[in-house]
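These are the residues of each chain, in order.
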Amino acid sequence: MPEEIIHIKAPMDEKTVLGLRAGQKVLFDGVFYTARDSSHKRLVELIEQGKPLPIDLQGQVIYYVGPTPARPGQVIGSAGPTTSSRMDPYMEPLYKKGLKGTVGKGERSQEVIDLMKRYKAVHFSNIGGAAALIAKSIRKCDMIAFEDLGTEAIHRLEVEDFFAIVAYDTLGNDMYKEAIKIYSRQ
Amino acid sequence: MRRIEADAITQAVERLCMEANYFLGQDVIDALERSLKEEESPIGQQILRDILENARIGGEELAPICQDTGFTVVFVELGQEVEVVREAECGMQSAELNPPFNIPNSALREAITKGVAQGYTKGYLRASIVQDPLRRINTKDNTPPVIHVEVVPGDRLRLTIMCKGSGCENMSRFAMLTPAQGRKGVVNFVVETVLKGGGRPCPPLIVGVGLGGTFDQAAYIAKRSLLRPVGSHHTEAHIKELEEELFEKVNATGVGPQAWGGRTTALAVHVETYPCHIASLPVAVNIECHSHRLKTTIL
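Sequence order for the protein chains is A and B. Heads up: the first sequence is residues 1 to 186, going by the numbering used here. Heads up: the second sequence is residues 1 to 299, going by the numbering used here.
Accuracy of the hints is not assured; some may be wrong.
[What the hints assert, rightly or not] Computed far set for chain A versus chain B, every beta-carbon distance over 12 Å: (1) K15; (2) V17; (3) D29; (4) P54; (5) I55; (6) E92; (7) Y176; (8) Y183.
[Claimed, not checked] What follows is a set of in silico ranges between Cβ atoms, one per label pair, in the way DEER data are often shown: (9) A:K120 to B:L299: 54 to 64 Å; (10) A:V75 to B:P133: 24 to 34 Å; (11) A:L171 to B:T296: 42 to 52 Å.
If you are wondering where the hints come from, they were derived from the structure by calculation, not from laboratory data. Quantities reported herein were computed from a predicted structural model and do not represent experimental measurements. C-beta: ideal position from N, C-alpha, C; glycine also.
Chain A with its partners taken away, still in its complex shape:
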């Protein structure tokens, strides 16, 4: 695994996406959109109905998070990743709309790994349960859509030095599989 941490910008350009490799550690600067179960369902329903989306997904990165409510004066509450694989059934229509990156925790299905190869997208993992620490790399949080969904609404986040690791790249490499193999004693 590459040891040095690289800085990348979100949204991501094609060169960045194609250059990333599973196991690479990154620090993000830029913009993420938040979405999880209910907001994914709505986005895909809008696409199926041929209606416009509340956000342009071209080159964008979606962070799978449902933050806690912010205290007065706070940008955001605690904001760690939720389980990525729950969003697996929704991915293809979003990739077709230009989505290039996702951030969450845990493995994804082989179907999504194949979709990432086909649509030239990558998936990042960050540390589940480090929510208070992760919130410190989020500088701004604005409500964008589906406000009625509460914590599941789509927010626009501005992030700085947001840590993640490339879990799956555009070649179909799998950080999880490789990493576990190194330490397995079974």
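Please arrange chain B on chain A, whose structure you already have, making use of the hints.
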């Protein structure tokens, strides 16, 4: 009879919900620090350090240590000499409290539910519960909780609050093994459950195993095993040996912190048992993450 006012229960539950979410228990911190010494993977070490740093921030800033502030599971040990009494003015309508439809509201249930609602609202904790599993409309105050009541001797009321994240709860599994599959079958099922979960339940884990009883009882004791101090052992020697074997095997999987590879897949494995039917060997594996939010008080 000793009378305990419902309001005292509400206040206690409100406080425990907040404390559980801000302050990681010392037993978990100690287990994380022990693991850090054993962990071989550099990124695994970094994750463990980040988790400890996250716990420090949570405690100092009263920030929830995880954004999934969980399903509130309340374990009540109700002394049989205790009577829970409502104050006259404490008349919240039960409909507001989102009672599970088939359980009538008692003063105890109402008081606990109100405490959860207040704790989650005042404590800036996330509302993660939907009223109906299919319609999925958020109840907005994290109620109703899941409440388990055991009637015990005495005139005290012990309340234990577990704020159970769903990332890990979702990776829990159940099997009705046959008596012939025995201990080996149990070991294989537990290890397989951890491997299948991978990074989804946020390892390092605390693995709660319930062996025996009925379908429901096995799941209940699996969850109850998580109430023990992390890394403590069962009093029966052969169950302690099983816990040790499971701990070793789970940590030999290579899954490691966050499944990014390493030694620390679990901080502990706890097993609880219950007598069972001649035809059965139920095994429930309740997966808990490192963000083990558990607080208790006695009234």
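Hints and how they fare:
no. : hint                         : result
1   : K15                          : 26 Å, holds
2   : V17                          : 21 Å, holds
3   : D29                          : 19 Å, holds
4   : P54                          : 20 Å, holds
5   : I55                          : 21 Å, holds
6   : E92                          : 21 Å, holds
7   : Y176                         : 6 Å, violated
8   : Y183                         : 4 Å, violated
9   : A:K120 to B:L299: 54 to 64 Å : 60 Å, holds
10  : A:V75 to B:P133: 24 to 34 Å  : 33 Å, holds
11  : A:L171 to B:T296: 42 to 52 Å : 50 Å, holds
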